[in-house]
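Each protein sequence line maps, in turn, to chains A and B. The opening residue of the first sequence carries number 1 in the numbering used here; numbering runs sequentially from there. The opening residue of the second sequence carries number 1 in the numbering used here; numbering runs sequentially from there.
Any given hint might turn out to be false.
[To be verified] Here are the simulated EDC-like cross-link-like pairs (lysine to aspartate or glutamate), alpha carbons at most 16 Å apart as the crow flies:
no., chain 1, residue 1, chain 2, residue 2
1, B, Lys-239, B, Glu-285
2, B, Lys-431, A, Glu-223
3, A, Lys-65, A, Glu-140
4, B, Lys-239, B, Glu-260
5, A, Lys-139, B, Glu-276
6, B, Lys-431, B, Asp-417
7, A, Lys-65, A, Glu-127
8, A, Lys-139, B, Glu-314
9, B, Lys-256, B, Glu-285
10, B, Lys-459, A, Glu-140
11, A, Lys-168, A, Glu-309
12, A, Lys-314, A, Glu-230
Calculated directly from the structure, the hints in this document are not laboratory data.
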Amino acid sequence: MSTPKMSIAHRLYTGHLSYDFIKHRRQWFIVSGVLVVASILLLLVRGLTLGIEFTGGTDFQAPMKIEAGTVDAVRAQAADLTVSDLEPQVFSLGETAIRIQTRTLDTEELQTTRAEIAQIAGVDSSEVAYNAIGASWGKEISRQGVIALLVFTVLVMLLIAVYFRDWKMSIAAIVAVAHDLIVTVGVYAAVGFTVTPSTVIGVLTILGYSLYDTVVVFDKIRENVHGLEETNHTYSEQANLAVNQVIVRSINTTVIGIIPVVALFVAGTWLQSAQLADLGLALLVGMIAGAYSSLFIAAPLLAWLREREPGMVKHREQIQRRAERAERKAAQREAEALALATAGGPAPVETAPRQQRRTSGSRAERKGRKK
Amino acid sequence: MATSAKRGRPGVVLTVFLLIIVGLYLIMGLTKTWAPKLGLDLQGGQTITLTATSENVTPESLELARNIIQQRVDGLGVGEATVAVQGDRRIVVSAPNVTSDDLVELVGATAQLSFRPVLQSGAGTGPSDDADAVPGLPTPAPSPEPSASADGPSVDNEQLSIDEVLAYTATEEDLENFANFVCGDTVVDDPSRAIVACDDEGTYKYLLGPTAVLGTELDTAAYGIPTGDLSYVVTLSLKSTGAEQFKQLTGALLDKTSPENLFAIVLDGIVESAVEPQVQITNGEAQISGSFTADSAASLANVLKYGSLPVSFEPSQVETVSATLGGEQLRVGIIAGLIGIAAVALYSFIYYRGMGIVVVASLVVAASATYAMMVLLGSAVGFSLSLAGIAGAIVGIAVTADSFVIYFERIRDEIRDGRSLRSSLVSGWEKARGTIIISDAVSLLSAVILFIVAIGSVKGFAFTLGLTTMIDLAVVFFFTKPLVQLLGRTKFFGEGHKWSGLDAEHMGVSRDSLLGRRLRRRTPVTHDVTATQTTQEA
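Produce the complete structure using the sequences and hints provided.
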């Protein structure tokens, strides 16, 4: 026997098991809307904890055996450093290093402070690593980040529009990406993680990743709606089938994508590499959001946009008419069958042929109309 | 079509591709470089990002500033320090193995330009054979605390009066210093003392008197060919105090004999030019002629004009990583990468069973190609691997593995649609190809934009992400796909063995359909036992 997992994949693909993503879009849009609004509110109320790369400042790291009370002891000593108004913040980095953050220092203050921190930690001055950031640096990074974001958005919309020859796909994809971005930033605001250049890297990578997922879904939709006018299916139905067909693939790509990222996050947290941990977290949140948004936002939104087109409205009316006609015929046959059944005929076998006849009937009608 | 030709010979494609990778390793072997260049955050060292304080900086002055800073940094003798222009107003100085604070002071400091009378001259040691020893080591600008420069005599910033300078005669000690001096030794440019300095190629060495005119007295400098003349000259004009000092200096030198009739233009402890005045310059407008080429005239004029940096900079980021911390970060990065690859491989084996072999083989090939490219790019274009770069490569693992998933799931979809396994391997690829290309294109696009726009560590991340994405494309096309086609010919995979990941049961089709023994159905299996059961469950 096949494992349950496989059969789910199979049933999803063939349409035996199907969740109506498109029909329930209102519900998912509300969920996403709430998430987005909550993220924006969190952002406004709590704000982001910006790292010194954005605010300016100096970050010293010195190797030091951390024991209970070490941090407090260092904190007390740091308050008495020569340079005034240092506003030192002291943290431990795992069990092997101490981290002291101060305001922006000039070269001279930097040297003095570095030497004194080395003394506190009991190491040579050259063992004290530091990262000094001027006050304007953060503005610069943020500005470049925003430029990258805008350029990327425009180019990606163009790329998608050209590749799929459908600008509505571009819009749906960008809305989904915007959702992922806002939610990721919202998580940062909620958790209070420090935003560093690594976070920026992560967030920008999410753009690519989220789009990657969306592109896969759209690719399948495009395949399914090929020659849609000739069929009895609406755009929404075909889009929904596509979402159900790619869901296994989507879960797989996301799982496989997330595995290395989790490794990054775990190794970063465990071994106290703030850079890797930051990047890992941003990617983790963004990738999950990305997988969700391509299935629950991008595809339904696209279907909604396309269904509003006059051609699609007409197509739906046609299907409706065909269905009504078929319904009438079916009712007629039902009556005949009932008559037969009372006469003792084999009624249950009816179902399959009836379906077939409905299709061929409508096709004949279509041909008739065309002439 | 090219594809149909390839379809026939997957073995050839595979072999050629593997040979190319072997070729990369051969090149590595020939150049004897086996490890990528490490960024300073991984090996320890100092990175200083200088940002021009003014918004508008011409590329020329930025390049000039870069040159001056490069000279100074080289002068510190710290080895392979690189100075690079980044963007339109930034200069990045990276010095491996440096963790002291000297460098920060040095790069941003104003250069010391001075005019000194020549007391003695002689042949230098010539360009040094030792690559590390760069001729004419300047020192950091004198700091307010002289004791900071432990080596060398203490610096007294006082300039002597012009009369005192002209009256200065070489002492025993000066002559001894001169005799013992080897070009490449440290020069402390103390205005009040005699110094020994070499020209920038180390061909000549000079014993120089105390500073007669300070560089700060220079107003402007230019170069060109005067009307009616044939060769280039460098003209300079001095401010009033300097003009007076210069007048006395040139007047006094006229009476002297060689080599004492020369004055030297010294920048950061290097004799840029030794000049013999022809007349006494009274108005502070001097003209230096000689065998100048356009380039050498321009460079001297620039040196004079920009004795200090042409643009003022502020260090916007200084990052110092000790070798211990750097090594630790490298270790964490590698551990994360290995865990990532191992976990992806494990997942692939569980989910795709036998096909997991393809995933692992492709990942191994992609990883070795990436490694080779990193090493070779390190020696070719100076690419260095940073922590952010490692992160980019780890994300690259995800991108690479994604392509396989798209491909494999496509094959399975085709089988579910009732195709035979063998034809699914082909048609699945044709359908997956477009998706893989477009999704990699999006990934590549973000990498390129990040690389162009971003600054600092983000750049390194973007570079490796772009690199791994391109390698992914190559691996999927020239390794994974031919490998799958080849495996499709084996009994194990081609007939859908239970552990191959392609068996009939998992696909929800009959064995006959899998092997293409039945006519293809229009609709997927509706009567299948599994399907009916599960529908009821649902």
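Hint-by-hint comparison with the structure:
Simply put, B:Lys-239 and B:Glu-285 have alpha-carbon atoms about 10 Å apart, close enough for the 16 Å limit, and the pair holds. Distance check on the hinted pair: B:Lys-431 and A:Glu-223 sit about 10 Å apart at the alpha-carbon level, within 16 Å; holds. Restraint check for A:Lys-65 and A:Glu-140: not satisfied, since their Cα atoms lie roughly 36 Å apart, outside the 16 Å limit. A hinted pair counts as satisfied when its Cα atoms are at most 16 Å apart, and B:Lys-239 with B:Glu-260 does not qualify at roughly 25 Å.
Only pairs whose Cα atoms come within 16 Å are accepted, and A:Lys-139 paired with B:Glu-276 is rejected, the gap being roughly 52 Å. Of the pairs offered as hints, the one joining B:Lys-431 and B:Asp-417 holds, with about 13 Å between alpha carbons and a cut-off of 16 Å not exceeded. Distance hint between A:Lys-65 and A:Glu-127 is fulfilled; the C-alpha atoms sit about 14 Å from each other, no more than 16 Å. Of the supplied pair hints, the one linking A:Lys-139 and B:Glu-314 holds, its CA atoms being roughly 15 Å apart against a limit of 16 Å.
Distance check on the hinted pair: B:Lys-256 and B:Glu-285 sit about 22 Å apart at the alpha-carbon level, beyond 16 Å; violated. The straight-line distance between the Cα atoms of B:Lys-459 and A:Glu-140 is roughly 14 Å, inside the 16 Å bound, and the hint therefore holds. For the hint pairing A:Lys-168 with A:Glu-309, the CA-to-CA distance comes to about 11 Å; that is within 16 Å, so the pair holds. Of the supplied pair hints, the one linking A:Lys-314 and A:Glu-230 holds, its CA atoms being roughly 13 Å apart against a limit of 16 Å.
The structure is inconsistent with the numbered hints 3, 4, 5 and 9, although it conforms to all the rest.
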